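Participant: Use the sequences and the hints to build the structure in full.
Chains as they are written, first to last, in my numbering: chain E, 54 to 705; chain Z, 104 to 288.
No false leads were mixed into what you were given.
Subject to a maximum C-alpha distance of 27 angstroms in a straight line, what follows is the list of computed DSSO-like cross-link-like pairs (lysine-lysine):
{"#": "1", "chain 1": "Z", "residue 1": "K189", "chain 2": "E", "residue 2": "K328"}
{"#": "2", "chain 1": "E", "residue 1": "K360", "chain 2": "Z", "residue 2": "K124"}
{"#": "3", "chain 1": "E", "residue 1": "K279", "chain 2": "Z", "residue 2": "K229"}
{"#": "4", "chain 1": "E", "residue 1": "K74", "chain 2": "E", "residue 2": "K259"}
{"#": "5", "chain 1": "Z", "residue 1": "K189", "chain 2": "E", "residue 2": "K204"}
{"#": "6", "chain 1": "Z", "residue 1": "K217", "chain 2": "E", "residue 2": "K204"}
{"#": "7", "chain 1": "E", "residue 1": "K354", "chain 2": "Z", "residue 2": "K185"}
{"#": "8", "chain 1": "E", "residue 1": "K279", "chain 2": "Z", "residue 2": "K124"}
{"#": "9", "chain 1": "Z", "residue 1": "K189", "chain 2": "E", "residue 2": "K354"}
{"#": "10", "chain 1": "E", "residue 1": "K204", "chain 2": "Z", "residue 2": "K124"}
{"#": "11", "chain 1": "E", "residue 1": "K204", "chain 2": "Z", "residue 2": "K185"}
{"#": "12", "chain 1": "Z", "residue 1": "K124", "chain 2": "E", "residue 2": "K354"}
{"#": "13", "chain 1": "E", "residue 1": "K328", "chain 2": "Z", "residue 2": "K124"}
Output of the computed footprint for chain Z on chain E, the stretches with three or more beta carbons under 8 angstroms from beta carbons of chain Z:
{"#": "14", "region": "116 to 125"}
{"#": "15", "region": "252 to 260"}
{"#": "16", "region": "266 to 276"}
{"#": "17", "region": "345 to 356"}
Rather than coming from a laboratory, the hints here were simulated on the basis of the structure.
Remember, it's a predicted structure, so these values are computed and weren't measured experimentally.
All C-beta atoms, glycine included, are put in the ideal place defined by N, C-alpha and C.
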Amino acid sequence: MRYSETGFNLEINLTRGSIEKVATDPDTAELYLGGQGSAAKILWDRVKSGTDPFSPDNLLIFSTGLLHGTPVPAANRTVVNTISPQTNLMSHSLFGGFFGPELKYAGYDKIIIRGKAPDLVYLYINNDKVEIRDATHLRGKGTTETGDLLKQELGDYKVQVAAIGLAGENRVFMASIDHNHASAARGVGVIMGDKRLKAIAVRGTKDIHVARPAELFEMTHQMRRKIGESDGCGDWMAVDEDDSFHHNHFAWGNARTRRKDFWSAELQERWTHLKYDHMDRQTGCFNCSKKCRNVINWPGKPRFAYKCFGKDTYHMAAFLELDFSFEILGLAQEYGVDSYSTPQVMAFALELLEAGILKDTDFPDMPADNRGRFFYLLEKIVRREGIGDILADGVSQAAIRIGNGAEAYDHNTTKKFEQLPIKLGKLNPAYFLMIATGEKMSITQIEGSFPQDPLPTREQREAFVNKWEAVPDEKFKQYFLNWEKRNEISDQATCDIVDWNEAMHYIDDSIGLCGFVSSFRGQFGGGVAYHMNNIPQIISLATGLDMSKEKLWKCFQRIRTMVRVVNVKRGLRRMHERPPEDHWAVRNEEFEQKLLDTYYQYKGWNKQGIPTRKTLERLDLEYVADELEELGILKTEDEFAPAQPVAEAATA
Amino acid sequence: MTASTVVAKKIVKEIKVEIDKCTGCRACEMACSAFHARPRFSSINPARARIRVVVDEINDEYVPIRAGDYTPSECNGRHIYKIGGKEYSECSFCGASCPSRDYFREPDSGLPLKCDMCESIPPLEKPWCVQACLPGALTYIEREETREPRPQEKRAELEGGLESLVNKFGQDALIEALSKMTKGH
Ligand code: SF4
Ligand code: SF4
Ligand code: SF4
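Facilitator: Have a look at this one:
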């Protein structure tokens with residue numbers, strides 16, 4: 054019997070209208086876990102390097118995590134992967150809620166979609182009954198609205214729906230896939246729309262078996278309580294009314310303006326009222342004891358829910374206040390656009406107008422006030438109307454299409470993707486490496502285990518490390534104890550920290566855990582529920598695999614490498630690995646490039662950031678090395694001279 | 104009250120539901136299905152749970168409901184309840200496994216499911232759905248219920264009461280009052 058997995062994928066070809074249930078290789082879990090890990094392998098195997106993202110041959114993959122459907126709390130992140138038209142690289146995206154576990158209960162680990170439907174369709178999965186159905190009656194419907202309509206149509210409120218809105222239908226690059234007030238951004242909604250797939254509705258009533266039931270249940274029950282009671286887990290921003298952090302430290306407008314004294318007690322009092330006067334409740338995701346989403350009911354607008362920084366992005370881009378975000382978010386969520394990148398695209402457009410690069414005639418009938426302008430731009434973008442058609446390609450590509458100096462206003466992207474609006478003084482070396490080399494596109498998907506900043510006194514640092522269970526190796530405690538100034542830390546420590554931060558995300562996104570109880574949360578307080586010291590045991594109990602810390606680390610390295618080679622095959626090289634030039638005020642090109650060299654060597658990559666044959670062979674990826682050599686991508690002349698100093702990998 | 108009145112007591116097990124605290128996490132469904140799996144905890148399948156959470160995020164409706172009795176026929180007409188500005192269908196609160204829906208039925212056999220309060224030997228301290236509900240929407244309550252006295256006990260009590268009224272007002276006045284009461288209304 055397969056434990057924790059179903060052992061089947063659904064293969065859907067929308068061009069032909071075919072549906073196949075395909076048994077998966079039982080060894081895949083041991084090598085790639087599941088989720089993003091095994092999806093990256095599928096993209097490598099099946100999407101040729103020259104494939105245009107809008108080609109029917111591009112795949113859109115919905116993956117459950119290895120632990121979805123088991124009693125493991127907070128294992129509910131569904132992963133969506135494809136090739137993004139915005140970056141021409143692998144899209145990595147996640148959404149919380151209930152979809153992944155439901156898909157497992159229906160009997161599938163993944164849905165792999167290729168081809169394009171002739172017109173709008175939805176996929177209905179009810180255990181073994183799988184149908185591609187007409188969705189033309191859902192054209193233009195909102196994301197949550199679509200979920201609701203499908204539940205009514207199917208006569209089953211237990212159906213879990215992931216849907217695109219108008220933005221996805223119109224192939225807006227910032228389009229998201231939404232489910233139950235959770236959303237997957239970063240380049241996946243556009244491909245779902247391109248494939249003319251409006252929604253997937255899943256209902257499952259089958260068992261998911263686990264290998265060692267009593268032990269796993271007991272252990273996970275304790276975890277659930279720990280998560281529920283701990284303030285080291287979940288999104289504290291759901292209840293912390295002091296949001297001076299984002300408002301005083303992040304940049305407003307088109308990621309330009311710092312307002313260091315914005316926050317005040319008066320504002321906090323006013324905003325707290327605004328929130329609680331309109332909040333229905335807080336909700337959580339499948340089998341998790343936290344409640345991270347605040348559900349807001351704004352008069353005259355659809356209900357929506359927000360998490361984290363998501364409530365700030367619109368009003369900060371528009372130089373307005375929280376009421377504006379509350380007013381626009383319900384609509385934006387129903388249209389299905391990413392709340393991180395979309396406001397930046399709008400602020401970028403208004404900057405171009407101010408600079409005279411775009412003209413008033415590009416914005417016919419646009420209101421004069423910022424509030425009205427943002428609503429106006431939202432409508433234009435989701436419909437790809439007028440200037441909206443260009444803006445819908447995201448900042449980088451819009452800047453190229455507009456030309457005439459617009460490129461200079463594209464100042465906050467890396468690998469053509471909008472970054473968080475953070476503008477700082479001195480460089481933090483670990484952040485330099487994470488933003489430069491990260492392939493999950495948003496820093497929130499890369500950072501997270503090691504604290505962002507040192508603590509001021511030795512006593513505080515000692516207190517921190519004394520209760521720090523999550524460290525994979527004692528050396529991290531030493532790094533933290535001896536860390537006094539943000540930018541003063543050894544290269545070896547920097548490499549180890551970046552590697553550990555990445556490792557946790559790659560593991561979470563393969564086994565399906567939420568970053569708020571694992572990869573993202575340790576940097577704030579250290580007390581996460583899941584870490585390298587307990588995940589191997591949990592995987593073993595659930596799946597029956599004999600997992601260890603060493604094996605799990607190697608899985609991370611293999612998955613990380615697979616994602617990199619998918620992107621390398623599509624053209625990713627060293628020159629693309631640059632954080633925004635103004636991310637820090639003080640820069641030192643020589644130091645940064647040397648650090649990048651050191652990190653590439655630490656990872657077993659060559660001067661171009663491509664994994665070497667030796668690295669690939671060590672990770673059982675010899676065939677990848679062969680192919681990269683055949684394609685002329687992997688070349689011996691790009692290798693580092695062996696004499697150069699090499700930082701040692703954390704866990705070989 | 105005379106000393107002869109016997110007050111019988113029994114333990115009533117209840118689960119109090121506070122829908123405003125429900126986050127819709129469905130940990131209750133997960134845990135119930137695990138506990139009822141054979142061998143215990145060996146599989147998870149919320150469709151086998153004896154509790155289900157009715158969720159409608161558009162209307163902000165979150166109602167955990169436990170499986171009650173099987174009914175062979177569906178009800179003829181349902182109420183719509185308006186509570187706190189939100190409309191709920193009667194179905195949202197109904198735990199019956201009835202012919203009009205698939206809920207609360209074993210997915211394989213279609214046999215009705217019923218909450219058994221996690222009966223087990225030795226008994227659990229709290230049912231599993233309550234243990235899994237960290238947000239506090241479900242609370243387990245054991246209540247001592249005073250059982251209704253049996254008919255002969257009631258009769259003794261009635262006679263005792265009448266006797267004291269006769270002593271106070273006299274038999275005639277009492278009969279007159281009783282006949283007035285029965286005619287007037
Ligand atoms: S911690 Fe929050 S976001 Fe994560 S699974 Fe739990 S409720 Fe969802
Ligand atoms: S009391 Fe036990 S049997 Fe009843 S719903 Fe709760 S967990 Fe299920
Ligand atoms: S466990 Fe509690 S909060 Fe979660 S769905 Fe069930 S009743 Fe609601």
